[in-house]
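Student: So the sequences go chain by chain: A and B. So the first sequence is numbered by our numbering: it starts at 124 and just counts up by one. So the second sequence is numbered by our numbering: it starts at 3 and just counts up by one.
I should point out that these hints are in silico values taken from the structure, not numbers from a laboratory. Careful: at least some of the hints might be erroneous.
[Claimed, not checked] The calculated label-pair distances, taken between Cβ atoms and stated as ranges, are:
no., chain 1, residue 1, chain 2, residue 2, range
1, B, K387, A, K224, 46 to 56 angstroms
2, B, E187, A, R195, 46 to 56 angstroms
3, A, Q208, B, Q42, 18 to 28 angstroms
4, B, A33, A, M185, 45 to 55 angstroms
5, B, L18, A, A178, 42 to 52 angstroms
6, A, D257, B, V178, 45 to 55 angstroms
7, B, F27, A, M185, 53 to 63 angstroms
Every value quoted in this text rests on a predicted model; they were computed, and no experiment measured them. Glycine residues also receive a C-beta, built at the ideal position from the N, C-alpha and C atoms.
So you can see what is in the structure, the chains are spelled out below.
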Amino acid sequence: MALPNRVQYLSTAPNPEIRREKQREQEEERRRLEKSKQDFHRKNAARNNKMKMSAALTIFFMASGLFITIFRSGKIYNMQNEYVQMQNDTRATIKSNEALKAKLIQASSIGDIAEKSIALELVSVDKADYLEVDLTKNNFMETESVQAEPKFTDKIFSMLNLNISN
Amino acid sequence: MYNKRYMWVTALTFLLFLGLGARLFYVTVIAKDEIFSKAQSQIVREITIPAKRGDILDRNGSILASTTEAYRVDADLKTFRRLLESKELTAEEFAAPLAEILGEDENEIVKKLTAENNGIIIKRKIEKDTIDLLREYIDEEGINFLIIGYDNIRYYPNNSFLSHVLGSVNIDGTGVMGIEYWYDETLKGISGIKIAEVDKQNRELPYSEVVQTSAIDGSDLILTIDEKVQYFIENLAEEAMKKHEAESVTMIVSDPKTGGVLGMVNLPDFNPSNPREDRTQEEFDAITRNFSVNDAYEPGSTFKIVTISSAIEEGVVSEHDHFYCPGYIMVNGVRINCVNRSGHGDQSLGDVLRNSCNVGTIMIAQRLGADRFNEYVSSYLFGQKTGIDLPGETTGIVFNKDSMTPVDLATSAIGQAQTVSPVQMMNAINTISNGGVLKPLHLGEKATLLDVNGSFTERVLNESEGKEIISKNTADRMLKLLYGVVGGNDRSAGYIEDIAVYGKTGTAQKIIKDENGKQKYSDDEFISSFIGGAPYQDPKVTVLVIINNPKDAIYGNVVAAPWAKEIILEMDKYLSLK
Chain A
124 MALPNRVQYL STAPNPEIRR EKQREQEEER RRLEKSKQDF HRKNAARNNK
174 MKMSAALTIF FMASGLFITI FRSGKIYNMQ NEYVQMQNDT RATIKSNEAL
224 KAKLIQASSI GDIAEKSIAL ELVSVDKADY LEVDLTKNNF METESVQAEP
274 KFTDKIFSML NLNISN
Chain B
3 MYNKRYMWVT ALTFLLFLGL GARLFYVTVI AKDEIFSKAQ SQIVREITIP
53 AKRGDILDRN GSILASTTEA YRVDADLKTF RRLLESKELT AEEFAAPLAE
103 ILGEDENEIV KKLTAENNGI IIKRKIEKDT IDLLREYIDE EGINFLIIGY
153 DNIRYYPNNS FLSHVLGSVN IDGTGVMGIE YWYDETLKGI SGIKIAEVDK
203 QNRELPYSEV VQTSAIDGSD LILTIDEKVQ YFIENLAEEA MKKHEAESVT
253 MIVSDPKTGG VLGMVNLPDF NPSNPREDRT QEEFDAITRN FSVNDAYEPG
303 STFKIVTISS AIEEGVVSEH DHFYCPGYIM VNGVRINCVN RSGHGDQSLG
353 DVLRNSCNVG TIMIAQRLGA DRFNEYVSSY LFGQKTGIDL PGETTGIVFN
403 KDSMTPVDLA TSAIGQAQTV SPVQMMNAIN TISNGGVLKP LHLGEKATLL
453 DVNGSFTERV LNESEGKEII SKNTADRMLK LLYGVVGGND RSAGYIEDIA
503 VYGKTGTAQK IIKDENGKQK YSDDEFISSF IGGAPYQDPK VTVLVIINNP
553 KDAIYGNVVA APWAKEIILE MDKYLSLK
């Protein structure tokens with residue numbers, strides 16, 4: 124296995140100036156790194172918060188949209204269901220009406236009506252049973268004069284032989 | 003190793019998605035139409051909306067026939083067989099309660115339930131009350147093999163009343179006889195259609211589109227028949243049938259001014275709701291024949307009105323002419339007897355008609371001649387269909403004018419040897435009663451329809467200007483002569499003191515078959531008839547009475563005229579005939 128090449132220093136005594144400078148630089152570097160780390164964490168937290176917020180908002184909007192859609196669809200479904208139910212009820216009523224109509228038709232037999240009329244001792248109307256009146260002409264007596272009935276007070280006064288007007 | 007597993011999972015997932023994708027492509031692109039139609043067929047129902055058959059009403063709007071909705075019950079026998087197997091039951095256990103509810107024979111129900119088919123009709127034309135009971139039974143027992151569907155029932159509220167005129171409908175509501183058949187196109191309407199998505203219980207699904215074309219109901223048909231007139235002639239015909247023990251009775255009452263039939267009865271009759279009953283085909287065919295229209299008979303002396311009116315019109319006879327009747331007449335060597343074998347002696351034209359003298363009538367026909375006689379026979383619509391609005395009209399049989407012999411002319415003139423239908427005879431008397439103008443006999447007056455939009459339409463049927471057969475003068479003279487037969491003759495059974503009845507009676511021997519199958523005139527079977535009307539000055543009603551094979555008497559004046567008198571007396575209660 125090959126060994127790494129080593130650097131051959133001419134003198135091994137350290138320069139104190141160089142050492143202090145290096146420490147300062149290292150300190151600065153450390154502080155800079157610390158700051159940048161803090162900045163990074165702050166920015167990261169802010170971005171995370173923003174993402175969380177937008178996700179929450181998205182979820183909220185989606186949930187709202189879903190709720191509205193389901194609610195409206197449910198409402199329309201119920202309305203249509205009610206409509207179909209009403210149609211069924213109407214149909215049932217029509218069927219009942221038809222059944223009633225059938226009974227009425229069966230009861231309209233002239234033979235049955237005649238039988239019941241006989242049982243009730245009804246008589247059929249003959250031409251002799253009705254009067255023919257021509258309503259196109261004046262059927263009132265021309266000569267008859269109609270006089271107004273005297274008032275009750277007039278009758279009393281006439282009985283007392285009083286004449287108020289005089 | 004991990005890479006290998008990763009590769010496998012990826013490949014598998016890829017294949018899975020590839021398969022799914024391929025299937026998706028197949029479902030949505032290649033087999034899209036087929037799958038869509040399969041899905042549609044499972045939920046989409048094409049429902050026929052039946053058109054309601056129109057009602058038949060009399061001239062005053064009384065219902066003679068009407069259709070209402072009803073129900074039918076079918077059985078899904080595949081489901082039924084599965085039910086029997088799974089529960090170890092027998093068909094009889096279901097048949098008994100079903101038979102009781104539906105009012106059917108239990109054995110019949112068992113027979114239907116054990117049939118080989120996959121489905122069978124258990125009963126049709128069921129009323130709502132019965133179906134409600136059946137529904138209760140189905141719910142209680144949890145029955146799943148019975149299917150309740152819709153049907154309709156044609157009601158004839160008066161049962162056998164007017165049966166030959168109204169006819170009847172078959173199980174599907176199509177007219178097969180009488181007016182129901184003749185006016186089927188008018189009455190039946192046009193069915194509608196509805197395409198809808200439905201659930202398991204055939205209820206329409208919400209969110210689904212419904213395509214619907216409404217049905218157009220059939221028109222209501224208003225007849226010239228008057229229910230009251232029909233009612234009393236039905237009763238009179240029944241009485242006549244009983245009294246004379248007749249084979250059949252026919253009565254027609256009409257309005258000569260319009261040709262409208264006010265009443266038409268043929269006995270025996272049938273119930274239009276169930277014309278078959280338990281009859282054999284032969285019995286069914288016989289009872290459903292409308293004698294007034296479908297059959298021809300020898301009219302006898304009633305036909306003399308045609309001979310004499312034709313002769314008057316042609317000016318070959320007048321009221322002042324005299325005819326001598328020795329009791330018979332020889333025509334081409336053939337002796338034709340008169341009603342009165344000892345002879346009527348010297349008679350005027352009026353006497354010939356009053357005495358119903360065969361000899362006098364033959365003399366008149368001879369003056370008229372075969373050609374002119376046949377012309378009038380044809381003009382009066384004998385030997386051809388009159389066009390009455392009833393099916394199966396007979397033409398009757400008249401002589402061919404080219405081969406008519408003098409004997410044929412003589413016998414035809416007195417209503418023998420030729421056959422006519424009652425409708426043809428009514429047309430003849432109506433022509434004379436309507437100033438010589440023939441307005442053909444008909445039953446349909448108008449068709450009315452209230453459509454889905456609520457608009458009312460009315461169509462007049464059988465409107466006719468009429469055709470002049472004889473002049474007004476001839477018709478009036480003929481009426482006067484016919485009045486002399488009944489109204490001016492208190493010995494006539496049709497005579498009514500206050501009403502100027504006119505008419506003519508007839509008695510004809512029936513044609514029967516002898517032992518050898520040859521046709522011959524019967525010596526003891528007759529057809530007695532009366533034709534006439536009232537009042538002769540202004541005829542308002544015409545009447546035809548035919549009693550077929552009466553047992554107690556034979557002459558038209560004795561058998562038929564009294565019933566015509568009853569009809570006219572009854573008609574006088576409604577119309578002023580005095």
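Student: So, for every hint listed, does it hold in this structure?
Tutor: Cross-check of the supplied hints:
The hinted range of 46 to 56 angstroms is not satisfied by K387/B and K224/A, whose Cβ atoms lie roughly 38 angstroms apart. At about 51 angstroms, the CB distance of E187/B to R195/A agrees with the hint of 46 to 56 angstroms. A C-beta distance of roughly 24 angstroms is found between Q208/A and Q42/B, which places it inside the suggested range of 18 to 28 angstroms. Evaluation of the 45 to 55 angstroms hint for A33/B and M185/A yields a failure: the beta carbon distance comes to about 35 angstroms.
Between L18/B and A178/A the beta carbons are some 31 angstroms apart, a value that contradicts the proposed interval 42 to 52 angstroms. As the Cβ distance of D257/A to V178/B is approximately 50 angstroms, the hint placing it in 45 to 55 angstroms holds. At about 30 angstroms, the CB distance of F27/B to M185/A disagrees with the hint of 53 to 63 angstroms.
Hint violations for this structure: numbers 1, 4, 5, 7, all remaining hints satisfied.
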